[in-house]
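Protein chains in written order, with numbering that gives the first Met the number 0: chain A, 0 to 440; chain B, 0 to 137.
Keep in mind the hints are simulated off the structure, nothing from the lab.
All C-beta atoms in this analysis are idealised placements derived from N, C-alpha and C, irrespective of residue type, glycine included.
Accuracy of the hints is not assured; some may be wrong.
[Said to hold, decoys possible] Just so you have them, the derived chain A footprint on chain B, three or more residues with Cβ under 8 Å:
| no. | segment |
| --- | --- |
| 1 | 6–15 |
| 2 | 38–52 |
| 3 | 64–77 |
| 4 | 80–87 |
| 5 | 92–103 |
[Stated by the list, open to error] Calculated Cβ distances over 10 Å to all of chain B for the following chain A residues:
| no. | residue |
| --- | --- |
| 6 | Lys70 |
| 7 | Gly86 |
| 8 | Asp183 |
| 9 | Glu187 |
| 10 | Gly210 |
| 11 | His229 |
| 12 | Asp252 |
| 13 | Pro253 |
| 14 | Lys323 |
| 15 | Gly353 |
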Amino acid sequence: MAQSISRYDHRPHGATDEDAVGAFAFPEGTATIKRRVTLTEFASEPWYEKQDMSVRGKAEIVGIYEHPTRKADDQSVSQLHAEVAHGALADAGLSKVDIDGYFCAGDAPGLGPLSMVEYLGLRVRHVDSTDIGGSSPLLHVAQAAEAIAAGRCSVALVTLAGRPRAEGMATGTAPRVYGAGAPDIPFELPFAPTGIGMYAMCAMRHRYQYGTTAEQLAWIKVAASQHAQHNPHAMLRELVSVDDVVNSPIIADPLRRLDCCVITDGGGAVIVAAPEIARDLRRPRVRVIGAGAAPKHLSGGSFDITVSGAAWSGPAAFAEAGVKPADIDYVSIYDSFTITVLIQLEDLGFCEKGAGGRFVADGNLISGVGRLPFNTDGGGLCNNHPANRGGMTKIVEAVRQLRGEAHPAVQVPDCRLALANGIGGSLATRHGSATLILERV
Amino acid sequence: MAVLDRKPTASPEVSPETREFWKAAAAGRLLVKHCPDCRRNHYYPRTVCPHCFGAHTQWLESTGRGTIYSFTVMRRAKEPYALAYVTLDEGVTMMTNVQGCEPEAIAVGMRVAVRFVATPEGPPVPMFVLETSAEAQP
């Protein structure tokens, strides 16, 4: 194979993709390669299909599990990883010895996959631990599909687990450092950048540029609560109104308490397998047909915080899948805060940039009511945001929808195509966006 | 609400790469990096230009004036403070705190001027005050 495509697209460092939002220019370098070939262009080349570099249809999600706990006082983090792995294997109808690939991110204790494969007693021939924050599991599914397509493994386990609630972690309201020695720390930490503070600045700028209102953002929480009322495991099952959200205590202008996701313990797991294995499992089948990932950062101090990496990961995934936003029946959208959802929906092309406020208003995200049902488990906003990483539960609910196994009150009729998107890290500084497009077989 | 006057609790760690920046900060001057190869400025400062990878970056003294790109007020903090991004007149946007005014006085697009605020164990860090405040007058 002469060329390969990195799923981890580094376009934000250099050339812009005309398919993406062109609202601002990324820094330009002295390019040696005069014209960067984008994944969108790759996908339209006849030789792309011939060389078969796409992950489209190469792997299926055969097992899913979401831990029912929301507070794990009596479980260790590694134990939670084991419990979710156990649950996903049972769901798939597979056993531990079938697993030959393992994926985890920074939530796994110790030396990532090495500590975990030992603890779990796995004998695998492929491991990966790329960490792009809470969106890591979405990227891991894509990487598992690539590994399966390349013959490096045939049944891959992806786990995520943590217990920030039991540990009393101030997830959003205290400054967080991701790894000592990062070059940005001296220029940021003295100013006490908190999780919610950074997302609040995105919301403030979005309001300034596009007139997005607190009521419009509130509709995202309202939709999540409409769904969470049917989920017996959801941390917040009580219905909330737009008034409830806009009258909840202000934490960081313009974001209020009810604009935030929950802090929960637990986790989840998925099992990705080759189609020939999926065929024999007698479970409803869900295949990966498109994936994209993109890091976005502050570009040397020249940036637009109303745009997320989904402006690049989304078009790449749609191109690979050969579908458009209008074809999608259900979306799982990373919902650390209400503003996170709004910005991703714009960047993924479900509405124009800046029109997110109008798009999410009036129940448009509520299953059975609006045009684009989202996070029908209640999402991170009401149900679960285990380990402060919402990516795994996004995949799990998308698979439930495609299998027809969501709660009947929120099940999307004849759900055929689903998109799951994650934003890991911080929307207002550096983050990784990962997009997955899944199809019912 | 009271006038914002947060004192940093975290001190910047000085590295060989950023020593000049912090030395200037201690003298009340704000530096950014300029790259003569691509003629662009960047922040936070690096030796190698993050725009073009040019290896000849130079220090450039900022006027210390800029515009609020975005901000938020951390209302529930023990002592509320304004987290902000300020776009300097040199074209780079930096994370900072806005100080010396009531939270309600701050808006996106307002003009601000730098002032340096002491840290517990390191050099002072660049924060900003509204240009209309007495402190900002040259």
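Taking the hints in turn, this is what the structure says about them:
1. 6–15: holds (count 8)
2. 38–52: Coverage by chain A holds for the segment 38–52 of chain B (11 residues, Cβ < 8 Å).
3. 64–77: Holds, because 9 residues of the segment 64–77 of chain B bring their Cβ atoms closer than 8 Å to Cβ atoms of chain A.
4. 80–87: holds (count 4)
5. 92–103: holds (count 6)
6. Lys70: Lys70(A) clear of chain B: closest Cβ-Cβ about 22 Å, beyond 10 Å.
7. Gly86: Given a closest Cβ separation of 36 Å, the condition holds.
8. Asp183: Label violated. Min Cβ-Cβ 6 Å, cutoff 10 Å.
9. Glu187: 5 Å, violated
10. Gly210: Given a closest Cβ separation of 12 Å, the condition holds.
11. His229: Answer for His229(A): holds, closest chain B Cβ roughly 31 Å.
12. Asp252: 5 Å, violated
13. Pro253: 8 Å, violated
14. Lys323: Holds: least Cβ distance 32 Å, greater than 10 Å.
15. Gly353: 15 Å, holds
Consistency with the previously given hints fails for numbers 8, 9, 12, 13, ordered from lowest to highest.
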